[in-house]
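Working from the sequences, and respecting the hints, build out all of it.
Residue 1 is where the sequence shown starts when you use the working numbering, and the numbers rise one by one after that.
Hints were generated in silico from the structure; no laboratory data involved.
Fair warning: there could be bad hints in the mix.
Simulated pairs of lysine-lysine, BS3-like, Cα-Cα distance not exceeding 27 Å [unchecked claim]: (1) K61 - K97; (2) K164 - K105; (3) K160 - K118; (4) K105 - K160; (5) K176 - K105; (6) K118 - K105; (7) K84 - K59; (8) K118 - K176; (9) K61 - K51; (10) K118 - K164; (11) K59 - K97; (12) K97 - K86; (13) K86 - K61; (14) K84 - K97; (15) K51 - K84; (16) K164 - K176; (17) K160 - K176; (18) K51 - K86; (19) K61 - K84; (20) K86 - K59.
Keep in mind the model is a prediction, meaning the values are calculated, not measured.
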Amino acid sequence: MTLQHPSVTPDGADVLHNTSMLQMIPSLTDRNIAEFFSTLEWVGSLGNWSKPQMLVIAKLKLEGRVRQFFEASLATVSDINYDKFKEAIVNHFREEKSFSFDFAKFSSAHQMEQESVKDFSVRIEGLAHRCLNNHLENGENISDSFRARLLLSQFVSGLKQSIKAQVVVANPSDFKTAVEIADRIQTSQSILTPNINSVYQTLHI
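What follows is the structure, given as structure tokens:
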């Protein structure tokens, strides 16, 4: 049994052999990209399929956001081949997942118990740079004012509760001011609340 695919291979061969093996290949979605290509290439080697044939199969298996990406970015590329098709899809969705991971770390960052305000400010500024700068594509831009508001908001939100409440009341207008206010609050709290070990040692002199 054969399945006809016109102009599937450059030498004119248009017959796909071992078509029963097509059922072993899953749909291509943004959740199984690595698994899909691994399966397609393994089954393709067993079925003796050429790369042009695997490209046709991959296009037929497109679903959801991967299909949307293909139609928007690859469908009109005249010299697309299997390797370019695979590389474009893998790279696009790998970058997207990397951005999601970095943004999740930034948006959920909180000051750790033994972390100073200044150390936390440096850490969250670094996280902001990773997710708001490193993942921008050519020509993309985020306004400085939006970036500054986002950084300020997440810094204040991530402060320890005892510090955050007072910073919110102070209502700083920018990140630098917020760090200065939070640092002063932390310093005053450390003076008012002496180290428990020092108190214990003093009592036992």
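Going through the hints against the structure:
| no. | hint | result |
| --- | --- | --- |
| 1 | K61 - K97 | holds, 21 Å |
| 2 | K164 - K105 | holds, 19 Å |
| 3 | K160 - K118 | holds, 13 Å |
| 4 | K105 - K160 | holds, 17 Å |
| 5 | K176 - K105 | holds, 21 Å |
| 6 | K118 - K105 | holds, 18 Å |
| 7 | K84 - K59 | holds, 13 Å |
| 8 | K118 - K176 | holds, 10 Å |
| 9 | K61 - K51 | holds, 15 Å |
| 10 | K118 - K164 | holds, 14 Å |
| 11 | K59 - K97 | holds, 22 Å |
| 12 | K97 - K86 | holds, 17 Å |
| 13 | K86 - K61 | holds, 13 Å |
| 14 | K84 - K97 | holds, 20 Å |
| 15 | K51 - K84 | holds, 11 Å |
| 16 | K164 - K176 | holds, 15 Å |
| 17 | K160 - K176 | holds, 17 Å |
| 18 | K51 - K86 | holds, 11 Å |
| 19 | K61 - K84 | holds, 17 Å |
| 20 | K86 - K59 | holds, 11 Å |
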